[in-house]
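Top line first, the protein sequences correspond to chains S and Z. Here this note's numbering is used: the first residue of the first sequence is 1, the next is one more, and so on. Here this note's numbering is used: the first residue of the second sequence is 1, the next is one more, and so on.
Where chain Z lies over chain S, by a calculated footprint (3+ residues, C-beta under 8 angstroms):
id: 1; region: 14-22
id: 2; region: 102-114
id: 3; region: 129-139
Worth flagging that the hints you see were computed from the coordinates, not collected in a lab. C-beta: ideal position from N, C-alpha, C; glycine also.
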Amino acid sequence: MNPRRKKRLLITSFLAVALSLAVGLVLFALQQNIDLFYTPTEIIEGKKETGIKPEVGQRLRIGGMVVQGSVKRNPESLKVSFDLVDNGGGIVTVFFDGILPDLFREGQGIVAQGHLLNATQINASEVLAKHDEEYMPPEVSEALVGMDNFKANNK
Amino acid sequence: MWKWLHPYAKPEKSYQLAGKLLPWFVVLTVITFIIGLLWGLLFAPADYQQGDSFRIIYIHVPAAMMAMGAYSSMAIAAFVALVWQIRLAEMTVAATAPIGAVFTFIALFTGAAWGKPMWGAWWVWDARLTSELILLFVYLGIIALYNAFSDKVLAGRAASILTLVGVINLPVIHYSVVWWNTLHQGPTISKFGKPSMAVEMLWPLLIMIAAFATLLGALILMRFRNEILTRESHRPWVRQLALNNVKITGKN
Chain S
1 MNPRRKKRLL ITSFLAVALS LAVGLVLFAL QQNIDLFYTP TEIIEGKKET
51 GIKPEVGQRL RIGGMVVQGS VKRNPESLKV SFDLVDNGGG IVTVFFDGIL
101 PDLFREGQGI VAQGHLLNAT QINASEVLAK HDEEYMPPEV SEALVGMDNF
151 KANNK
Chain Z
1 MWKWLHPYAK PEKSYQLAGK LLPWFVVLTV ITFIIGLLWG LLFAPADYQQ
51 GDSFRIIYIH VPAAMMAMGA YSSMAIAAFV ALVWQIRLAE MTVAATAPIG
101 AVFTFIALFT GAAWGKPMWG AWWVWDARLT SELILLFVYL GIIALYNAFS
151 DKVLAGRAAS ILTLVGVINL PVIHYSVVWW NTLHQGPTIS KFGKPSMAVE
201 MLWPLLIMIA AFATLLGALI LMRFRNEILT RESHRPWVRQ LALNNVKITG
251 KN
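Go ahead and model the full structure; you've got the sequences and the hints to work with.
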């Protein structure tokens, strides 16, 4: 390699390394802000690294698994409430008035947007279903005695 | 070691090589698309949760993968263009950018169409979706920058630098679903260990990925040939080529 090329190679490589370092630091600094949602445990105990807790009245998103048997529907209206749980064991109750997505069911992961009523209750304005990265035909899932139980046992 | 590559630094040689490779890519694209689409859309079983809607995966995932694949190849070409100052590498960057942009758009569009019935929202500002949108903007920026200069040598260099700057977005897109909480689900086939997908669903997906890869190759070859002809239009061999074409079509 001639010296001019070597110099260009050095400059380009240096640029690439410096840039990725800068972006890496930016992303690291923004870590909490890039998370789409709080988990129930994070709402109760605060974020893992910083211990920052959301304040009452704050607009936020929460993501977690709908607890089996916790869905309570108001027979007269669209009002519904359910509990969310995550691996940490914290449980947060979500109140919602509206149409739930098709994938919503007990044991399903969901993301809800709303504001915090008190330490463990959220009034949601939007509920989104989160599906996992598992794809399988219905027969296979039945063979696993219902995906929900299968998931619960795995935890 | 690299001596055999040297003749292809000449645009004429590269043009001919691309022309020879093109039919193979086209044939492979057609075959894999027919097999993959029929298998994926008609014969693969429906998902236990998402039913038939999950079939969007057969377009969405390959398009997204090739959007990133196109960018990685552009980044390698840009690096070569900057260090060794090979004009053909700059032409590769310019030829690939619009194709990558379209693939990114397809991934975003099919993703939105999939998100509405499954998640309940067309768009969510989560890390995966946002970083993919940034990829589209980077592509558009590269295209705009390349076309902003009338001096194509300068244009190629500027576009190469921008391409290298944008390459940082690739690992961010890929790991966004691992590093942060996102609505988008985690990786299915690119993670270590067993893919979390039933085999009879996985095979058509792999074929569709191959189909999009060969389609990407074919489109790049076409645009690369075009780019060479445009940039070398003043050279005798290009004029000769054009004259020959006129003669052939003149006979009809």
